[in-house]
Amino acid sequence: MHRKSFYAELIKVLSELRKLEFPIAGSLMPDPKGGPEPVVSNTLSMASNELEVSSRSQAVSSSLTSTTHFVHDQFEILMETYRLPAVSLSRETAELETFALDSLGQHIHQFVGDGHNDGPYLLAHADLRCSNIIIDDELHIQAVIDWD
Numbered sequence: 010m011h012r013k014s015f016y017a018e019l020i021k022v023l024s025e026l027r028k029l030e031f032p033i034a035g036s037l038m039p040d041p042k043g044g045p046e047p048v049v050s051n052t053l054s055m056a057s058n059e060l061e062v063s064s065r066s067q068a069v070s071s072s073l074t075s076t077t078h079f080v081h082d083q084f085e086i087l088m089e090t091y092r093l094p095a096v097s098l099s100r101e102t103a104e105l106e107t108f109a110l111d112s113l114g115q116h117i118h119q120f121v122g123d124g125h126n127d128g129p130y131l132l133a134h135a136d137l138r139c140s141n142i143i144i145d146d147e148l149h150i151q152a153v154i155d156w157d
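The working numbering applies: residue 10 is where the sequence shown begins, and numbers increase by one.
Since the hints were derived computationally from the structure, they do not count as laboratory data.
Ideal Cβ positions, reconstructed from N, Cα and C, are used throughout, including at glycine.
Among these hints, one or two may not hold up.
[Claimed, not checked] Label-pair restraints from in silico Cβ distances:
1) Lys-13 - Phe-108: 21 to 31 Å
2) Lys-21 - Ala-95: 21 to 31 Å
3) Asp-146 - Thr-74: 28 to 38 Å
4) Thr-74 - Arg-12: 21 to 31 Å
5) Thr-74 - Ser-24: 36 to 46 Å
6) Leu-137 - Val-62: 20 to 30 Å
7) Lys-21 - Ser-54: 40 to 50 Å
8) Glu-85 - Leu-137: 44 to 54 Å
9) Glu-46 - Thr-74: 28 to 38 Å
10) Ser-97 - Thr-74: 33 to 43 Å
11) Lys-21 - Val-62: 29 to 39 Å
12) Leu-110 - Lys-21: 16 to 26 Å
13) Arg-12 - His-134: 30 to 40 Å
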């Protein structure tokens with residue numbers, strides 16, 4: 010019975026999150042001016058953070074006002090990540106990954122439809138798994154953690 014209740018709560022949480030729509034894409038952050046409502050700031054992600062640490066350079070982040078801009082930004086992070094030296098990468102793996110990246114670059118425009126290019130943008134959890142859902146002894150959801 011607890012399992013059914015847990016899944017019902019999870020569905021409720023996800024449906025409530027789906028109702029949140031934003032005019033720009035980015036990361037939801039506390040208002041820097043101290044206001045009670047959160048604001049959408051420049052996109053923050055583990056991938057861009059790891060790239061900054063590995064390349065020892067500051068990434069330039071901006072507000073993303075279109076789906077095309079967001080996808081292009083993510084692709085650039087991927088491209089820059091693969092330009093970094095990799096210690097334990099075989100030649101075959103490097104060739105396969107380079108081919109995949111080149112192929113993605115050639116076809117990426119096909120994945121971005123104009124219908125949703127101007128929003129609305131939704132709140133999404135990129136790593137929703139059991140270990141990121143905090144529950145009590147009766148399997149009631151207390152929190153969802155590890156939001157990028």
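Status of each hint after checking the structure:
no.	hint	result
1	Lys-13 - Phe-108: 21 to 31 Å	violated, 46 Å
2	Lys-21 - Ala-95: 21 to 31 Å	violated, 43 Å
3	Asp-146 - Thr-74: 28 to 38 Å	violated, 45 Å
4	Thr-74 - Arg-12: 21 to 31 Å	violated, 42 Å
5	Thr-74 - Ser-24: 36 to 46 Å	violated, 27 Å
6	Leu-137 - Val-62: 20 to 30 Å	holds, 25 Å
7	Lys-21 - Ser-54: 40 to 50 Å	violated, 27 Å
8	Glu-85 - Leu-137: 44 to 54 Å	violated, 25 Å
9	Glu-46 - Thr-74: 28 to 38 Å	violated, 20 Å
10	Ser-97 - Thr-74: 33 to 43 Å	holds, 39 Å
11	Lys-21 - Val-62: 29 to 39 Å	holds, 37 Å
12	Leu-110 - Lys-21: 16 to 26 Å	violated, 39 Å
13	Arg-12 - His-134: 30 to 40 Å	violated, 21 Å
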